[in-house]
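*Asks:* Each chain, letter by letter, is given below.
2 protein chains.
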Amino acid sequence: MNEQICFKPIGIIHSPFAEISGVLIQPLSAKGIKGTIELITDFTEGLKDINGFSHIILIYYFHLVNKFSLQVVPFMDNELHGIFATRAPSRPNAIGISTVRLISVKQNILHIEEVDIIDETPLLDIKPFYPQFDNRSTDKVGWLKGKEILDGIRSDNRFK
Amino acid sequence: MNEQICFKPIGIIHSPFAEISGVLIQPLSAKGIKGTIELITDFTEGLKDINGFSHIILIYYFHLVNKFSLQVVPFMDNELHGIFATRAPSRPNAIGISTVRLISVKQNILHIEEVDIIDETPLLDIKPFYPQFDNRSTDKVGWLKGKEILDGIRSDNRFK
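Top line first, the protein sequences correspond to chains X and L. Heads up: the first sequence is residues 9 to 168, going by our numbering. Heads up: the second sequence is residues 9 to 168, going by our numbering.
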């Protein structure tokens with residue numbers, strides 16, 4: 009269980025957010041925020057048929073986060089929660105996921121919207137979003153109950 | 009863009025699926041399939057408040073997949089698609105995601121259901137599932153259109 013698992017980025021995400029603070033914290037609140045994915049050209053063939061999807065799941069590396077904390081006060085709350093009960097970036101493995109809107113694909117460049125991701129973020133994977141598989145009805149949403157109104161909450165430097 | 013990004017598993021997923029073939033291919037079709045997560049005990053503190061959530065997102069390593077293909081014929085179709093337009097495991101970075109049902113938490117052990125994951129899979133991250141952030145209405149679902157009925161489709165050895 010102690011072995012390292014290593015990946016190489018498949019591309020880079022470009023966005024208007026240059027710094028770790030001031031980033032909109034969910035795609036939901038990032039409507040109209042545009043970005044691009046620059047896929048390594050060796051992988052372009054892997055994009056066949058992706059333009060059929062309006063939404064894609066991005067898996068990426070929180071490259072500006074240098075430490076992890078097992079308990080954090082997330083941007084959306086004033087209480088301490090276990091890191092695995094939050095979406096905060098300062099995780100043991102600094103992996104982020106965002107479902108974004110896919111606008112167009114030209115060769116190895118994907119134009120996307122609803123981008124809550126920092127500029128120059130290393131991209132690890134792209135998957136198609138399929139609501140029949142990916143949407144869920146939940147019984148319980150813990151401390152996030154009633155917190156769906158983000159009202160432009162942005163990141164600060166607490167996880168730097 | 010060529011640097012390696014390395015992670016260590018935060019735990020191991022246990023499930024009834026011992027082999028790469030015969031696995032139910034989405035949580036949707038794995039209702040009633042039980043599993044456990046054995047978190048490394050160093051990280052137990054990170055689980056605080058996770059028991060408030062009925063669903064959690066698991067990010068894990070497809071540890072039995074040894075090669076990648078840029079285009080594949082997925083389990084659910086007979087046509088070739090770009091790997092990034094599919095959920096097939098033979099990806100450039102062999103990262104999987106599943107949203108599963110969280111049943112209970114005892115110390116570092118999480119009991120889960122709707123498990124479409126192979127036994128002994130290295131776990132990279134756990135995030136809470138929050139439908140207000142994670143559910144989407146899509147305009148287009150590409151080649152997956154009308155394929156929501158899985159009818160017990162299971163994996164075979166094609167991506168081994």
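FYI, nobody ran anything at the bench for these hints, they're computed from the structure. Don't take each hint at face value.
Copies of the same chain are indistinguishable here, so a pair counts whether it falls within one copy or spans any two.
Listed below are the simulated EDC-like cross-link pairs for lysine to aspartate or glutamate, each with C-alpha atoms no more than 20 Å apart in a straight line [to be verified]:
(1) K56 to E87
(2) K75 to D164
(3) K75 to D159
(4) K39 to D147
(5) K42 to D159
(6) K39 to D50
(7) K155 to E46
(8) K153 to E27
*Asks:* If a hint holds in the structure, say so; if it doesn't, say that too.
*Replies:* Taking the hints in turn, this is what the structure says about them:
| no. | hint | verdict |
| --- | --- | --- |
| 1 | K56 to E87 | between (45 Å within a copy, 11 Å between copies) |
| 2 | K75 to D164 | within (15 Å within a copy, 40 Å between copies) |
| 3 | K75 to D159 | neither (28 Å within a copy, 44 Å between copies) |
| 4 | K39 to D147 | between (27 Å within a copy, 16 Å between copies) |
| 5 | K42 to D159 | within (19 Å within a copy, 38 Å between copies) |
| 6 | K39 to D50 | neither (31 Å within a copy, 38 Å between copies) |
| 7 | K155 to E46 | neither (33 Å within a copy, 30 Å between copies) |
| 8 | K153 to E27 | neither (29 Å within a copy, 38 Å between copies) |
Consistency note: the structure conflicts with the earlier hints numbered 3, 6, 7, 8.
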